[in-house]
Each structure stands twice: as C-alpha cells, then as structure tokens.
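Peer 1: Dock chain B against the given chain A, drawing on the hints supplied.
Which chain is which? The protein sequence lines are A and B, in order. First residue of the first sequence: 0, per numbering that gives the first Met the number 0; consecutive thereafter. First residue of the second sequence: 0, per numbering that gives the first Met the number 0; consecutive thereafter.
Just so you know, these hints were derived from the structure itself, not from any lab. Heads up, some of the hints might be wrong.
Straight-line Cα separation of at most 35 angstroms, DSBU-like style, residue types lysine-lysine; simulated pairs [as the list claims (entries may be wrong)]:
1) B:446 with B:215
2) A:172 with B:761
3) B:792 with A:78
4) B:671 with A:78
5) B:424 with B:163
6) B:671 with B:215
If we take Cβ atoms under 8 angstroms as the criterion, some of the chain B residues that face chain A in the derived model are [unchecked claim]:
7) 713
8) 715
9) 718
10) 721
11) 797
12) 839
13) 841
14) 858
15) 868
16) 870
17) 871
18) 876
19) 877
20) 978
21) 981
Coverage of chain A stretches by chain B, computed from C-beta distances (three or more under 8 angstroms per stretch; other residues unrestricted) [what the hints assert, rightly or not]:
22) 71 to 81
23) 150 to 160
24) 262 to 271
Think of the CB as a built atom: it goes at the ideal place given N, C-alpha and C, for glycine as much as any other residue.
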Amino acid sequence: MSEAHFTPVEEELAHGAESPIEYLGERNLLPPTMTMRQLTETVCAPTELKTPKAWWIGFGIALMGAGILGASVSWLLFKGVGVWGNNSPVSWAWDITNFVWWIGIGHAGTLISAILFLFRQKWRTSINRFAEAMTIFAVMCAGIYPGLHTGRPWFDYYMFPVPNSMVLWPQFKSPLMWDIFAVSTYFTVSALFWYVGLIPDLATLRDRSTGDTLPRKVRRFAYGFFSLGWRGSNRHWQHYERAYMILAGLSTPLVLSVHSIVSFDFATSVEPGWHTTIFPPYFVAGAVFSGFAMVLTLMLVCRSVFDMKDVVTMKHLELMNKIMLTTGSLVGYAYAMEFFVAYYSGNQYERYVFLNRAIGPYAWAYWSMIACNVIFPQVFWWKRMRTSIPVMFVISILINIGMWFERFVIIVTTLHRDYLPAVWGMYSPTIWDMGVYIGTFGFFFTCFLLFLRWLPMIALAEVKATLPNAHPRKSHAADHADDHGHDTNLAEEPTALPAE
Amino acid sequence: MSKREKYSFAAAPATAKKFWKSLEAKENPAAFAKAAEPEFPMGVGTVEDAASVSRRGFLTVATATAAAIGLEGCVRRPVEQILPYAQAPEYLNPGVPMHYATSVERRGEALGLLVTTHEGRPTKIEGNPEHPASLGSTDLLAQAMVLDLYDPDRSNAPKQGEAKKTFADVDALMASIVRTHSADAGAGLRILATPSISPSFLRLRAAVQQRFPQAKFYTWTPVNESNAREGARLAFGEPVVAHHDYQGAKIILSIDSDFLQTESGSIRSARRFADGRRLSQATDSMSRLYVVESTHSTTGANADHRLALAPSKITAYLRALAKELATAHRIELGPLGAALQGASNAGLPTKWISNVAKELVGARGRSVIVAGSRQPAAVHALVHALNAALGNHGATIVFSSVADTTETDQTASITAFAAGLEGAKTAIILGGNPVFDAPADLDLATKLARVETSLHFSGTHDETCHATKWHVPRAHELESWGDLRALDGTVTIQQPLIAPLFGGRTDLEVLAQLAGERNWRGYYVVRQTLRGAAGVQNGFESEWRRVLHRGFVAGSAEPPRPGVIDMSRVATALGRSEPAVDGFEAVFLACAKMLDGRHANNAWLLELPDPLTRITWDNVALLSPKTASELGVRNGDMIRVTRDGTSIELPAWKLPGQPDKAVGLLMGWGRKHAGRYGNDVGFDVYPLRRSDALHSAAVQVAKLAGSYPISQTQDHDSMEGRPIAIDGTLEEFKADPTFAIHRSPTPRTLPLWREVEYRGHKWGLVIDLGACTGCNTCVIACQSENNIPTVGKAMVAKGREMHWIRIDRYFVGEDANEPEVAFQPLACQQCEEAPCENVCPVEATAHSPEGLNDMAYNRCIGTRYCANNCPYKARRFNYFNWHTKNEADEEVPPTRQMQFNPNVTVRMRGVMEKCTYCVQRIETARTATKIAGRPMRDGDINVACAQACPSNAITFGDLNDAASRVSRQNQVSRHYKLLADIGAQPRTTFLAKVRNPNPEMSA
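So here's chain A without its partners, still in its complex pose (with noise of 0.2 angstroms):
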C-alpha cells in the first residue's frame, strides 16, 4: 500500500456514504481494499511468525539496559543516595525529573483510549493499545523513581497507609501522598482498561493456535487462560462494550488528574517558579504533547518493522501531529504566561527565578527546551511537513528530548537559586543518575518488545468495527446473492470463533 492518502473516488469506492464512521464526520482510516482477514494477519502476524532477526537485536539491546537499570539500583542501594548528583539545595534532580518526564509520557496512552473513546474518535483504535501497553511501562518507569529516590527506599512503605500498632498514617497533606494514590490508581485503572481491551484479541490468538506441538499447546493455554473464555457471543460483546465504556469513563478524570496532582508537587509548594496556579493544565498539555511524540516514536519504528502502513496510515500519523502542534501550542503559551506572572506579580523572588532560567547558568537547558517544544514543532502548520516521516519523527524525538529539559528547567532551575543567595549551588548529574535514567529505558524496552512479540500491538477488534465491511451496507446487502452464505451483518470472519 502506498504512503498517500486516498483519494476521495478511492473511499467512495470502497463503502457507501453512511457507515458510522462517516457518519460522525470521519474519513475512512484504513485502505478501501483492507479485508478483515488481512487485518487479523498483518496484527496476529508478529506473534506467530518466527521471532525476526531484528527483534533479538533489540531485545538483546534492550535486556542489557535494563542491566544496567539493575546495576545502578543495586549500588544505589547500597552505597545510598548520594552516588547521585543531588545536593543541597537541588534535592530533587534528575530523579523527580524522569519521573515527571515518564509519568507524562504515559498521559498518551490513556488519552487515546479514554478520551478520544469517549469522543468517539475512531482513528485512535490503530493506536491505542499500542500507546496503553506505553502508558503502563512507561509508569512502571515513572514509578521507579520515587520508590528508589528515597534516602531509606527500604522504609517506603511508610507512604502507604498501612494500619499499624503506632497508629501512624500518612500525611494525607502532602501532595507526594497524593501522588502515591493518583499514579497507583493510574497505573491500576490503565493496566484494567488495557487488558480488558485486550480479552476479544487474546481470544482471536487464542483461536489461530492451532497444531498440537507443544509450543502452540502452551499458546493455546496462555491466551485462552487470560482470554477469560472469550467465546464472542452477543452477550460477551454487550458486557465487553460495557466494561469497557466504565472504564474509559473511570480513565477518563485520571488523564487529567494524574499530572495535576504531579504538578502539585511542585505548585502547592513555597518554592518561587514552583508555586504557581498555571501547572495543573500546563503540565497536563505538556504530558500530552510527550505521550503522543512518544507514541509517534516509537510507532513509526514499529510501523516500518512489522510492515503495518496499512493499519496506522499516514491519516493517523498526520492527526497525531496536529495534536502534538496543538499541545505544543498550549505548552509555549503556558512558558510564555509564567514569565508574564512572574513579572505581574511584582515578586522578585518569582522575577529573578524566570530570569535565572532564561539567562542564568542553566540557561543552555531552558532554551533548548523552548527550541524543542515551541519553536520545532511550528513546522507541522504545514502538511508537507505533517506528512514526512522523517521530519516527523526528528521532530518526535525532539520534542521527548525539549520535554525532559522543561522538567529539569523546572526542578533544577527553581531548586538550585531560591530565597536565600547564601545558599545557591549548582547540579551536576553522576554516572549513576545517567545508569537509572539509561536503565529504565532499557527496562522500558524490554517490556515494550516482548509487548510487540507476544501481545497484537493493535486492538484488532476495534479496529475492525472501523472497517466499512463491519457494517450493514444497503448496496451489499441488497446485492447480495445467495451463493455465499455468510451472514451480511458479520465480518467475513467472526472475530472469535465459539470455542470448541
């Protein structure tokens, strides 16, 4: 299939003009000729096929970082925290920087599924399991770091409100306490909403292992046990769909709370550049923008890897840089209205603190971030751009790069030139910090590949009902003769088949 977009005789040939989804307004996602047999073979086909070359390489790659995740944790503990660059006065570095940076490359994927669920935006279902099974590892990344950031990581239970004799609580105060129950809850409620996404398209690998080797037994057993006996029936569905709508509703809040609460780390705080009401949205648009450059990444690797053009399209990949220029927008705005604050307030702590940022020792760091966030990503006002992989991806890459430096501008900037001149210092990151941060993206990885092996990386189900063949066409169903007896009303293939 090529690259380009179809033409509008293309679309017109392939359905009549009132599917659903042209119903609400939206083009035809997938090529006109894409059968639904097809479909189920270019996504079933990574799992089944024996494992490419490439993917041991990255694998391989892969286990080695998280290697290195496990090094650096071990002397981590035991030596202690300070093997990192932290310091008084910057307490928080690079830990709470990688944090925030992976926390927020996550809010993609429970976007995709939620909200644009919700809204019925039927171009996300090519990429929303791939950008949920990235929002799950990327917060068990994220959730690394404030376990092992910890100087006695030993005694993080204490953050959990466990009853005990002394009858010691949290402090339900603090907002890292929050943190503690808005990123478990986010985890828990996008690990659910992934794999109950996931139940019909474990039943679909359930059903093409077929064979009597063992290998394919052990396959059989593994998807049919977590496929919950998936059988398709119009029950399972109307429960599926249910479910599903429950629980795109419950993510839903947490899209935007999650990195609310997060930014409330830093904006309940005293710290001038810290304590300021803009963070909630900002840091939202700011985790969004880096979720979908994330997913943008990481997607045009796998696209081109597993030969899946014709499922995530260029249509998808031009969407999803309209979003990133939206988001970027929003995030520069946000940049733009802090240093207006800051001068409004007529505070000088607050003044010289955007100041610093912008022209102080770390100023390296705070222009990069403007270049990557702002002033790249203006490049996708035109379509040309928006539709070249290349630029789209150097762009992606680039704007995961200017979102790490807006939480390093953040918290290392504010942290190191606060209140008191005396006690100004500077940050510089060890070995170690850059071991964790390396680590987790091997970790990262890992998961992600083993992901791509095992799992369908598209919601296959979903993206069927997209297909125009998911639904009833007057013409088919009128021209239909009696030759073939498949029921007009189906796929040309029952999604699962009943179970034996």
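Peer 2: Using the frame of chain A, we list chain B on its own:
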C-alpha cells in the same frame, strides 16, 4: 560476714531419712549412681562445687568484676581521682552528665572552661561564666578541642625512631638525661617550650634551672605576642598586657588587629565590643570601629570604616595619623612629636588621617587604639603613646603584668635555640611543632638530627617527632593537670577530665622529673604551686576543692593599673623606619581554624568554612580582586609565591577587601604528619616565613598554569538586593527604629486556618546581627553538641555539608575592593506555619506543642521534599552514612565514638536532619525542674550556639515568658523576620545590624 551459719549441701546431715529419686534408685542404687554420673565430667559446676562459693562470696566477686569492667571499659579518669563504683558517689547517676571546670591556654590567655562529661567521657566544652577570659563563652578552637582529644591519630606510645617504647623506657631516659647533665650542670641541655602562662611551669623551670644552671630554656610559638610585649617594653619599660574597654570606647581604631577573632583574649573583646553596640532604642548610642589592616579579617568585616593597606604602609599610616594628632590637634606627644616630623601622607587617603584624628580627639579618654600582633614593636609603642596622649590610659585601657616577665622575643629565642643546638647533647621539645612552624631559615630538622638525644613531647607523631630521636606522647589539655594565669592575672586551674587515653606526659611532669621532684605527677605539682601561692596556706584542702569547683582562684586577678609611658624611648624606637615595599607583599596570617597548624587533624575545623572566603578543607593565597585581575588569575588558579629563591605554589583566591598587592597566606596548612584528616590538606606557607620577617615579606608572585579545585559552602556573595541580612546606618535607625520590619513585612492576609495557640512554653531564638561577628564558634558548638558528621572536601563541593547552623556571609556595596560585609547565622527557623511539615508524606517532621519543628528520624524515609520546600534551606540530608563513609574512615573510629553526645541520635544514611533548638537540652531541663518541683525559668536552658557565642548575639528562651531575655530581645525595634513575606512565621527572628559610619568619611 553474717552470723548465720553457712549452708552447704555437703553439710547436710548424713543420718537423715532416706529419700529416693526414683524406683530404680531405690532398687538398685549402684547402677543408678553410675547412670546418674555427671554428664559433663570436667569443668562444669555441680551442686557440690557451688557449695564452696557462698552467696556473699559470689556477690563480692561479681561486684568487683563489674567494678573492674566499669573502670577498664568505659570510665577513664585521672588515677588520683578514681573511686570505685562499689561505693558510687551519691551525685553520680549514670546517664546524667557531670560538668567540671578546667581551662586551656589560647594565645597567652587562659580560657576558663566548663566541660560536660558523660560517664567519664568529655563530650562538650562550654565557657566558664565566672572566668574573666571566658564570660561563659568559648572561641571556635575551644569548641573544637574536644575532637582533638579523640583524634584517632593521636600517638599511643613513646617511640624511639620508629620503634615503640614504653613509659618505663621514657622514665629511664629521663633518669639518664638527669645523670648526664648532673655532670655538666646542664651545659648541653636545651629545652624548647611554647611560651607558658603557667605558674607551675615557671616554678619548675626555675627549679630545673637551679639544678642545671647551664641548661638553656627557649620558647617558640609561631603566632605569638612578642611584638606586643616588646612594644610595651619600649613604652613602659616592662612587658605589660593592655586591656581594652571596647564597650566603653566610643571610637575604636584597630591597626591591623583582629581582636574579634584571632588575637589574644578575643572572646572578652568580642563580648565587650558587641556590648558597646547593642541598640535597643533610638536614643542608644554605639561605638564606631575604624580598621586599618593588611588583610580582610573578621574584625575588618565588622568595621564601620575599613582601610585595606599593604603591610608596609600601615606603619606609615599610623605615623601620619600621629603627626596629624600632634600638629592639627595639638595632642601632647613630647619628644615623640619631633620624631614624627618626617611622617608623610604620601600614598595614604587623607580623609582617613584627618577624620580619624578628629574622631579620636573628639573622644578623648573614650577611645581605643589597638595594634595587632603582626605589627612591629614600634607600632605597638606608638599606639601606647597615642593612647596615653589621648587620655585613654586608665580610662578605656588598663594594664596588668605578664605571666612570664623573662620571656624574650620569640624569634630571637628560636634562633638562639637553633644556633645552640650545635653544642647540645640533649634537646627536649615540650609541645609545639617547631620543625613545621619555626622560621624556615633555621632549618631545625637538620640541626636536631645532629643532637645526641632529642625528645619531642607531642600529642601526635608530627613533623618534629620525625626529626627527633624520641617521641613521647603529650597529654591533651583535657587530660592534664595544670594551672594558667589569665591575662588579668587570675590563676586558673586545669584539671583533667579523663585519664590520658593513650598515656602521655604533660610539660609540667617532664619539668618536674627534670627538677627531681619526688611527686612529679601533675596533680602534685599543681597543688604544690597553689599551696605556695599567697593566701592559700591555711585550710588548703577546702580551698583546693573550692578552686577545683570554680576553676580558678577567686580574687587572684591583678588590680589593673594605668601605664607610665616613656615617650622618648618610643621616639627612639620610631627612628628606625620600616623600608617601603613596592611590589607584592606576603602577609602571614594566623588561621582562624588551624591557628598555627596545631588543629590540622581536626575534621570539624577542616570542614568549617573560613569566615570570609567560605572555603573548607583548604587554604589559599588571598588576593584583592584588582590584583588578581592584574595577574590574570581566577579563583583557584595556581600561583607561585617566591621569596629569595624559595617558593611555594598554591591556589589564588579573590577576597574583596584584601589590600592590593598583599598576598594573604594562612598558616598551619599543608602538614605532612598531621593525621588521616589533615595530611596534605591545604598548602604549607611556612617555607616563606623566615626569622628576619615573620609577619610580612616582599615576594614575587607569578601565575602558573592549571588550577586547583576548592570546596566552598557558599559561592554566591551578593544578596541580590533582597531583604535578607538587613542592616542600616545609625541615622536610619534613629529616623525609623523599626526600619528592619518595614523592609521585611509579614503579609496581612488572613491565615487559612485557625492559628495554633501556644499555651505552655513557646521557645524562640533571637539573633542580633549587630552583635554577630561572624566568627563561626556557633557552628562548631552545634557540631559538637549534636553529633554532626563531617563529609569531606568532595562532598562539600557537592553542597552536602551537614552543619545545622551556618553563617551566611554577604558582601555589600558597589566596590569589590571595599565591600561591607554582612553575616547572618542561619539554622532552622522553626516556622510556626512550617512549609516543610505539610509536604512530608510520612509526617516525619511535625510541630510540637511548644512550637518546635520536630524531626522524627525513625519515621523519615528521605524524600527530601521538606528540604526543597524550606525557604531557608536549613535542612541537611544524609546522602550517605557520613559517620562511616567519609573520605578517611571506613568506620567510626572508637575514640570518635566517645565524643558523641548520648542524648542526641546519631543519624543514619537517608534521613533528613536540622536544628532542633537543642531539644535534648530542653528535655533535660524539663526533667530536672520537674524533679525539683519548680517551673522552668529563663536561663535553665540554653542552646549550644547561644551558649558558645562570644558576643552574645544569640538569645534563646520562652517567648511566653514576658520577662525572659528572648522576649525582651523580641521587643527590640530592630527586630524582623527573615523572608516574612512567605508567611511561614519563623520562630527564630533577627535584629537588624546597625552600622555607624562617619558621614564625613563619605563626603
């Protein structure tokens, strides 16, 4: 023994009824007996064995064992004083600390101390409030001294060369020395000691001199008072000590004198100086301090006007000032007037001559001119003359005699010692470290090597020990019996707090052995001296107890007297004019931390930031910013300082206020044999210090390639225009006595929730920035009270130092070469609306009902969120286990553990810590007053920083007690809250500094 008959199983009557243990035993006793044989045939007690030990016998042995363990294991006290715990003194409660009065010598002054001991371990040093030199405070070095006691690198055995010897060997050696020199009347015997103010020392020295008439005594200490003594000898014909009344004086002119920090008697000076400047209302007056100095000292930092002059120009300035006084103001200088005719104002700022002269004349009899110990004798003499002419003698300046009137110029003495070593058989060096710190041209090490028998008595195996044949451990001052004569004549007792940890002899004991005293132990020596002193002949034992209790002989102070000056001798001395130096000059500075190098292995002091440069773990060459830019050096760049072919290389550092072309060199660093912490730390500047110019010398300076990393605790000098360390001029204060609070107002917004009412105690701390001299004593006091670890140079560079209280130092003003300095001691402010508390997720920091911001270390998991949210950045985090993972120690040295305050938790890795207002002291006082059945009163509690502060800048107490000192301080109009606009309601508050500049100086 009891009259009751001893019961034993063996004594049980054999004819008793037959009891049987079992049927088997009854039926077949023989077989049963065999079976019932002891299972463990040997070495295990049976009932029969026990019969031979009576209950009382057992208890006796057990008690003795326990006592022995007690004596051996933890309680180390002087042999003369030990009482076995079998008869424990009534007043001794394990866990309740005891306090003993003792003293220590500091630059010719006896510093009265009260030392806290826990179960026999000295842990904390405080000033003796009744002692005239201490007034209840201490200096930096006295606070740190307790760590020197537990220095893990202290010498633990006598050594001959590298071979370990015993004290019996030392005694044999001493006996042989006595034998040898009995033959030659001491002709080959040379004894070098540090200048002593000990009556016992002087008595024994005379006794040794009598026994060995040919023996020669010398004295040397690198930071000495020789110039002052010689100056007094010139002016008065005898080496008297001047006592300045910095409190009563209206105008104070310091001629290169750092009387607030490194000079002799600094504690008393700092207290009196601060007392003369404590403003509480607009009608109060304050003194004005002019400082003319050759470096930027702590005193200079406290000056109202400061003139930085190269060392060679200071004499010229004083001459010009004297001439101005004599000519313009008709001050009667007698024959001196003629000698000053040649003085010129060339190169000196005229306003500094005319205005200062005018001020001094305007405050006749109420001014003080003081010269620093670096200044030559002639300057001291001229200062005496000017003070006399201004009518200050007998008014603001009085005199007393010195302890040792025979003491000669130190440089001459050490030079003679070096020269005399040629024909010497035996050289005994008592204390000091002359091989390291004597003038470099004397080459003592080589000369000592040629002496047949040389001994060095020293606490550590230092540089001098490596040059002598023998090394004998010298007891620490806290382990020694001794007596000291304070500058005002008060006879002060030095009593040991602990038996020498590693054995050790004191100077007195060595001299007593040489003198052939039968009871040569320090205890007897001191008692004998005191017994010999007038007034304590009758009832000596009770007087002795009183003296030990008080720490000094009451009423032994000499009545102060005005001096009778001989102007003509001063005029003659002035005739010898100083050569002018055109190029660079090196100034050898007594380091506030190392003094002369004796504290080089003290990790507290090494890590303490220098009062002005804020540099830790190093010394640097101080340059003025202008000179540095002329040389093209940046901070940390290496430079070479050369004097007549000898050169040293060390990093340069720009210190605003340093005179141009004057290279400030801090002495005492760069030691080779100091110990694990101090070896090769910093740079040794002694190689440039020679007998011909001890205090300053013409040098060449060259920039070298490369730079050297320096660790500072503060690298930003400007206040950025923020109202932080608020100060104002006296005029501003008079116009608006509440100027400070107007610059840092508390917002008027209503609180979000009902504010807590503190019904019981409400602890508060007020810091008077006007009184704070920036000396850093509080930092070390806090460190020793609260078991605060040191972290090492690399970690300081990372900003991980652990000091709970720090002194922020800001430079103020436009001209980088003439800055004003603002000091601000800063610890946890104990905010009432503490930002740290509500961000802790585990509630490890919470408010007490008395308003303390408490830390629960056990609960802390170390998120560090509290530190981020602290506007004052007063919280310190244990990034590692500092007590074990510092640069030098793998584990806490056992001796170091002995210093720990048992009432303060030793924090582990990963927890946050901060100032607690010495909560352990509050609780101790609470317990004591509860037992006594009375409420806590003002003064029952003092926090460590406040107690140590020489200038009484810190006041602690109960804000709910309207009569308490802290409440009264809180009412002073200069009062303000730091960063009040955040609304954290800090409980610690400040009194703004008021400067008293002369408006005519800026005209």
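Peer 1: Look at each hint and say if it fits the structure.
Peer 2: For each hint, the structure was consulted:
Our distance criterion of 35 angstroms between C-alpha atoms is met by residue 446 of chain B and residue 215 of chain B, whose separation comes to about 16 angstroms. For the proposed pair residue 172 of chain A and residue 761 of chain B, the alpha carbon gap of about 25 angstroms is at most 35 angstroms, so the pair holds. Only pairs whose Cα atoms come within 35 angstroms are accepted, and residue 792 of chain B paired with residue 78 of chain A is accepted, the gap being roughly 18 angstroms. In summary, the hint linking residue 671 of chain B to residue 78 of chain A is supported, as the alpha carbons are separated by about 31 angstroms, within the 35 angstroms threshold.
In summary, the hint linking residue 424 of chain B to residue 163 of chain B is supported, as the alpha carbons are separated by about 23 angstroms, within the 35 angstroms threshold. Our distance criterion of 35 angstroms between C-alpha atoms is met by residue 671 of chain B and residue 215 of chain B, whose separation comes to about 30 angstroms. With a cut of 8 angstroms, the hint placing residue 713 of chain B at the interface with chain A holds, because the nearest CB-to-CB distance is about 5 angstroms. Because the closest C-beta pair between residue 715 of chain B and chain A is about 4 angstroms apart, less than 8 angstroms, the hint holds.
Checking residue 718 of chain B against chain A: minimum C-beta separation of about 6 angstroms stays under 8 angstroms; hint holds. Checking residue 721 of chain B against chain A: minimum C-beta separation of about 7 angstroms stays under 8 angstroms; hint holds. With 8 angstroms as the threshold, the beta carbon of residue 797 of chain B comes within range of chain A, its nearest partner Cβ sitting at about 5 angstroms, so the hint holds. Interface hint status for residue 839 of chain B: upheld, as the beta-carbon distance to the closest one in chain A is roughly 6 angstroms, under 8 angstroms.
Proximity of residue 841 of chain B to chain A holds as hinted, the smallest CB-CB distance being about 4 angstroms (cut-off 8 angstroms). This hint holds: residue 858 of chain B has a C-beta 7 angstroms from the nearest C-beta of chain A, less than the 8 angstroms allowed. Given hint, residue 868 of chain B at the interface with chain A, holds; its Cβ is 5 angstroms from that chain's nearest Cβ, closer than 8 angstroms. Hint status for residue 870 of chain B relative to chain A: holds, with the closest Cβ pair at about 5 angstroms, below 8 angstroms.
With a cut of 8 angstroms, the hint placing residue 871 of chain B at the interface with chain A holds, because the nearest CB-to-CB distance is about 6 angstroms. Satisfaction of the interface hint for residue 876 of chain B is found here, the shortest Cβ-Cβ separation to chain A being roughly 7 angstroms, below the 8 angstroms cut-off. Contact between residue 877 of chain B and chain A, as hinted, is supported at the beta carbon level, the nearest pair being about 7 angstroms apart and thus within 8 angstroms. Given hint, residue 978 of chain B at the interface with chain A, holds; its Cβ is 6 angstroms from that chain's nearest Cβ, closer than 8 angstroms.
The beta carbon of residue 981 of chain B comes within 5 angstroms of a beta carbon in chain A, closer than 8 angstroms, and the hint placing it at the interface holds. Only residues whose C-beta sits within less than 8 angstroms of a C-beta in chain B count toward coverage, and the segment 71 to 81 of chain A has 4 of them, enough to reach three; the restraint holds. With 7 residues carrying a beta carbon less than 8 angstroms from a beta carbon of chain B, the segment 150 to 160 of chain A meets the three-residue requirement, and the given coverage holds. Coverage of the segment 262 to 271 of chain A by chain B holds. Counting CB-CB distances below 8 angstroms, 5 residues qualify, and the rule asks for three or more.
When each numbered hint is compared with the structure, no violation occurs for any of them.
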